[in-house]
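*Asks:* Single-letter residue listing:
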Amino acid sequence: MSNSSLIARLPLIAGLLVLVLLPSFAGTFAVTLMNYIGIYALVALGLVLLTGIGGLTSFGQASFVGVGAYSTAWLTTAYGLSPWAGLVLALVLTGVAALVIGTVTLRLGGHFLPLSTIAWGISIYFLFGNMDSLGRFGGLSGVPPITLGPISFATNGAMYVLIWITVCISALLCWNLLRSREGRAIRSLRGGRIMSESFGINTFRIRLYTFVIAALLAGLSGWLYAHMSRFVSPAPFDVRASIDYLFMAISGGSGYLAGAIVGSAFTSVAKNFLQDVLPSITSNAGPFETVIFSVIFILLLQYARTGIVASVQRWLPRRALPMPAEAEEMPRRVMPEPGSLMLEVDKVVKRFGGLVAVNEVDFTVRTGEIVALIGPNGAGKSTMFNLISGVLGPTEGRVRFLGQDITSYGPRRIASLGLSRTFQHVKLRPTMSLIDNVMLGAYRRTSSGFLAGALRLNQAEERRARHEAMRQLRRCGLGDNPHELAGNLALGQQRILEIARALAADPALLLLDEPAAGLRRLEKKALADLLRSLRGEGVTILLVEHDMEFVMDLVDRIVVMEFGSKLTEGLPADVRADKRVQDAYLGGTA
Amino acid sequence: MTAEIALILGVDGIATGAIYVLVALGIVLIFSVTRVVFVPFGDLAAFTALTLAALQSGQLPGTVWLVAVVAGLTLLAEAARLVRSGRARKIPSFAAVYFVLPMIPVLLCIALAQTDMPMAIEVILAVLLVLPLGPLLNRLAFRPIADAPVLVLLIVAVALHFALAGLGLIFFGPEGFRTEPLSDAIYEIGGTVVSAQAMLVVLASVVFMGLLYLFFEFTHTGKALRATAVNRVGARLMGIRPTVTGDVAFLLASLLAGVAGVLIGPITSIYYDSGFLFGLKAFVGAIIGGLVSYPITALGALFVGLLESYASFWNSAFKEVVIFSFLIPVLLWRSISAASHEEEEEEE
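These protein sequence lines are chains B and S, in that order.
At position 240 of the first sequence the residue is numbered 314 (our numbering), and the sequence of numbers has no breaks.
At position 102 of the second sequence the residue is numbered 106 (our numbering), and the sequence of numbers has no breaks.
Source of the hints: derived by calculation from the structure; they are not laboratory data.
Quick caveat: nothing in here was measured; it's all calculated off a predicted structure.
All residues carry an ideal CB built from backbone N, CA and C; glycine is no exception.
The reader is advised that the hints may include incorrect statements.
[Stated by the list, open to error] Partial chain S-side listing against chain B, Cβ under 8 Å, derived:
1. Pro148
2. Val154
3. Ile159
4. Val162
5. Phe166
6. Ala167
7. Phe287
8. Val325
9. Leu336
10. Arg338
11. Ser339
[Said to hold, decoys possible] Residues of chain S clear of chain B, computed beta-carbon distances all greater than 10 Å:
12. Val87
13. Leu116
14. Thr119
15. Val198
16. Gly214
17. Arg240
[Claimed, not checked] Pair by pair, the computed Cβ-Cβ distance ranges are:
18. S:Ile300 x B:His557: 47 to 53 Å
19. S:Leu105 x B:Val351: 32 to 38 Å
20. B:Ala88 x S:Pro178: 44 to 50 Å
21. S:Thr223 x B:Lys599: 52 to 58 Å
22. S:Trp318 x B:Ala88: 54 to 60 Å
23. B:Arg650 x S:Thr225: 52 to 58 Å
24. S:Leu105 x B:Ala88: 50 to 56 Å
25. B:Arg407 x S:Val296: 40 to 46 Å
Build the full structure now, drawing on both the sequences and the hints.
*Replies:* Here it is as structure tokens:
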């Protein structure tokens with residue numbers, strides 16, 4: 075292990091050492107506090123996945139904790155069943171609740187999930203407080219301790235072991251998950267739906283599963299809580315508590331798994347401090363604590379949204395990662411015969427209300443060609459691009475790809491048929507490394523799911539995908555530093571990275587949206603060279619471009635659009651000589 | 005349930021629903037103009053009711069200190085920001101609008117609280133006192149991060165609610181209050197008794213909806229607000245300042261909250277934290293309207309009032325559960341009808 079790796083891992087090693095040694099020197103108070111920290115950290119861990127990484131949020135995590143706690147408390151006190159049966163019920167109920175809430179809200183805009191989780195939080199709080207079988211607002215007492223064979227987790231010391239083993243295992247599983255295929259999909263969510271769907275990622279499914287995982291972690295936390303405190307009542311599961319969990323995740327650093335543990339430790343210690351100090355200053359200690367915490371939270375969101383872990387990590391050296399190992403090649407698609415029909419746009423019309431953006435345009439792309447779709451501003455090129463990639467559906471006409479009618483298909487389905495695209499305004503995940511970005515492109519060529527990712531059963535496939543991503547990076551001339559963050563690249567390189575990512579999907583057709591826009595002269599040349607070499611390797615390319623000069627020496631054929639209609643189509647030289655094209659571009663009135 | 009009871013519950017429900025309509029409209033107004041889901045809206049309404057209750061019993065309302073604290077904090081925060089950006093000379097004009105102006109009703113209140121005032125004056129004073137809270141909270145909490153994702157603004161809004169609830173407990177205490185009804189008269193219409201209070205509530209609600217419509221349709225500021233709601237960047241390019249439209253939206257919403265607070269005060273006991281549930285029920289109405297449409301929002305809020313009225317007759321302990329569970333089918337319906345034209349969400 076190199077020196078910098080050692081320093082980078084120091085906080086983790088130190089943290090584990092403290093965890094192991096703490097019970098031998100700390101008093102009961104510290105152990106109890108640590109137990110609470112661990113129980114909170116589990117919930118915060120779910121929120122890190124959901125909020126910090128997935129870009130969603132929930133104000134109902136405390137109610138998931140409550141469902142977990144009440145399930146096991148009710149089952150063990152009313153029926154005398156084992157706490158392990160309680161665990162099963164706790165996880166099933168929280169999972170089902172999250173599945174239902176997620177299913178009805180996640181298709182709507184981003185704020186509908188948090189709003190409905192507030193409503194869910196309030197409903198469940200009143201439900202706990204008004205049900206006779208759950209002891210109403212008085213709660214349920216006499217919850218038995220957890221036992222495992224001869225071992226009883228009745229004491230705080232024993233619970234410490236159970237809680238922190240659970241936290242460490244959960245954190246490890248989340249860590250593995252984030253470094254897997256589905257984990258990269260979770261990390262891609264904040265880049266917007268259109269980007270993720272263009273890799274074949276079902277964003278609805280990923281968001282739903284992430285929400286369910288967060289809820290399950292909360293339910294697990296509730297189970298531990300019920301058997302530690304041996305008593306449950308509605309109070310700790312209201313919306314206020316959910317805000318506290320969110321505070322923990324964000325203060326710790328919601329983009330980092332360690333943030334969950336750091337944040338819950340920070341919050342618990344700060345709360346304890348305030349509860350010690352405030353009563354000696356004011357008779358209104360309770361509300362003052364609430365006000366102070368809320369104000370700190372608002373300031374945190376205004377000025378330090380990245381949290382404690384991020385500010386510590388800035389001072390640590392980045393871990394030097396090795397170059398990806400060689401692995402077996404991924405299977406590649408059998409390309410159609412050169413010259414055969416690949417894409418066929420047939421009398422396509424797109425109207426937005428009264429405006430006809432695209433009017434009866436038809437053209438074709440044959441295997442092995444580079445075709446450019448050009449036209450002045452407002453010609454309808456971008457609309458045409460969206461019609462082909464499935465972001466928009468045409469009003470009339472048909473689009474066929476590899477012999478299939480894809481007119482009514484969405485972007486994800488079209489992507490899975492072998493059409494890869496890039497974006498006019500670069501859509502990369504700036505905080506992910508180059509290689510992780512490119513591996514996103516290979517999403518639908520791999521198959522391992524959430525569980526396989528968390529348990530590391532995906533390693534062979536991961537190695538192949540990493541190898542493939544590395545191959546594409548090298549192919550595009552970005553192979554020198556695969557662990558660099560994508561956000562550190564210049565615009566020209568970012569566009570090339572997008573192409574590498576599109577290539578990782580092993581596409582039959584590469585669709586490029588204004589790849590030269592905003593590039594400097596040398597960058598344009600590098601891009602043109604890359605596209606030429608790709609054609610040499612048999613890749614078919616359709617590029618939508620504004621820049622005549624860029625496409626002239628590069629492409630085989632040009633389709634010109636103006637005012638939504640096709641003006642002409644032909645070889646670059648013929649198009650260049652066409653009077654109508656010159657007029658369209660130069661705005662000639664003749 | 006007899007037809008007679010059903011009718012009485014219906015009247016009750018419409019009266020409560022009419023108040024939810026005002027709150028829901030305010031919520032949609034703020035959201036469409038500033039992208040802030042203003043969760044503390046109900047708190048402002050509750051604070052107005054508590055202020056009125058204190059004035060009616062001849063006591064100095066805690067709102068006085070609340071407004072003074074919030075105005076003071078806003079002045080401090082903004083002054084620091086102005087100094088840091090080298091625009092310290094702007095502090096006096098800011099202080100005039102955001103500190104001196106809000107302090108006028110505060111001082112008025114301190115002078116008049118112990119005297120015996122006509123009810124109309126008390127009502128106006130209560131609304132005036134709460135009025136600056138909207139724009140002040142906007143400045144304090146939301147303006148510094150006006151371009152943040154909706155999600156962050158929402159989390160700030162929820163945190164702000166808890167800050168206000170804590171302050172409410174400090175300044176108003178834990179007791180609940182009910183204000184005197186605006187009128188005691190009772191009429192018999194179509195076989196059921198209708199209180200003048202209920203009719204007044206519906207009337208006030210309709211009047212304010214009408215005013216809102218006129219404001220948006222015929223005034224320059226109203227059109228600027230609508231333009232901002234449709235396209236923020238476009239509005240900005242046309243010279244509409246988002247700072248101004250944001251403040252106007254919050255001011256209007258504050259007014260709606262104040263009126264709602266005055267109207268709800270005599271109907272039910274209000275506590276320092278009643279605003280949360282009150283506001284969230286209006287939210288259910290706003291969500292029915294998709295946080296966009298004013299007419300559907302109004303219908304939705306009215307429906308929530310009716311639902312609450314019948315649910316509390318059926319089982320008052322579970323009425324909150326019924327109302328908030330009702331969100332699930334609403335969201336399901338919205339999600340199915342929205343699935344066909346999903347829009348791209350913002351990136352971080």
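*Asks:* With reference to the structure, classify each hint as holding or not holding.
*Replies:* Verification of the supplied hints:
At its closest, the beta carbon of Pro148 (chain S) sits 5 Å from a beta carbon of chain B; the interface hint therefore holds under the 8 Å criterion. A distance limit of 8 Å between C-beta atoms decides the matter here; for Val154 (chain S) the minimum to chain B is near 5 Å, and the interface restraint holds. At about 6 Å, the closest approach between the beta carbon of Ile159 (chain S) and any beta carbon in chain B falls short of 8 Å, and the interface hint on this residue holds. The interface hint given for Val162 (chain S) is met, as the beta carbon of that residue sits about 6 Å from the closest beta carbon of chain B, less than 8 Å.
For Phe166 (chain S), the suggested interface contact is upheld, since its CB lies about 4 Å from the closest CB of chain B, less than 8 Å. Nearest Cβ of chain B to the Cβ of Ala167 (chain S): about 4 Å, under the 8 Å cut. The hint holds. The interface hint given for Phe287 (chain S) holds, since its Cβ lies 7 Å from the closest Cβ of chain B, which is under the 8 Å cut-off. Nearest Cβ of chain B to the Cβ of Val325 (chain S): about 5 Å, under the 8 Å cut. The hint holds.
The beta carbon of Leu336 (chain S) comes within 4 Å of a beta carbon in chain B, closer than 8 Å, and the hint placing it at the interface holds. Because the closest C-beta pair between Arg338 (chain S) and chain B is about 6 Å apart, less than 8 Å, the hint holds. Nearest Cβ of chain B to the Cβ of Ser339 (chain S): about 4 Å, under the 8 Å cut. The hint holds. In this structure Val87 (chain S) is separated from chain B by more than 10 Å, as the shortest Cβ-Cβ distance comes to about 16 Å.
At roughly 27 Å from the closest C-beta of chain B, the C-beta of Leu116 (chain S) stays outside 10 Å, upholding its exclusion from the interface. Look at Thr119 (chain S): its CB is around 29 Å from the nearest CB on chain B, clear of 10 Å, so calling it non-interface holds up. No Cβ of chain B approaches the Cβ of Val198 (chain S) within 10 Å, the least distance being about 30 Å, so the stated non-interface status holds. No beta-carbon of chain B comes within 10 Å of the beta-carbon of Gly214 (chain S); the shortest separation is about 29 Å.
Here Arg240 (chain S) stays apart from chain B, with its beta-carbon at least about 19 Å from theirs, past the 10 Å limit. Remark: the range hint 47 to 53 Å for Ile300 (chain S) to His557 (chain B) is upheld by a beta-carbon distance near 51 Å. Separated by about 36 Å at the C-beta atoms, Leu105 (chain S) and Val351 (chain B) satisfy the suggested range of 32 to 38 Å. As the Cβ distance of Ala88 (chain B) to Pro178 (chain S) is approximately 45 Å, the hint placing it in 44 to 50 Å holds.
The given range of 52 to 58 Å is respected by Thr223 (chain S) and Lys599 (chain B), whose C-beta atoms sit roughly 56 Å from each other. As the Cβ distance of Trp318 (chain S) to Ala88 (chain B) is approximately 58 Å, the hint placing it in 54 to 60 Å holds. Distance hint check: the CB atoms of Arg650 (chain B) and Thr225 (chain S) are about 53 Å apart, consistent with the given range 52 to 58 Å. For Leu105 (chain S) and Ala88 (chain B), the Cβ-Cβ distance of about 54 Å falls inside the hinted range of 50 to 56 Å, so the restraint holds.
Our hint of 40 to 46 Å for Arg407 (chain B) and Val296 (chain S) holds, since their Cβ atoms are close to 44 Å apart.
Violated hints for the displayed structure: none, as all numbered hints are satisfied.
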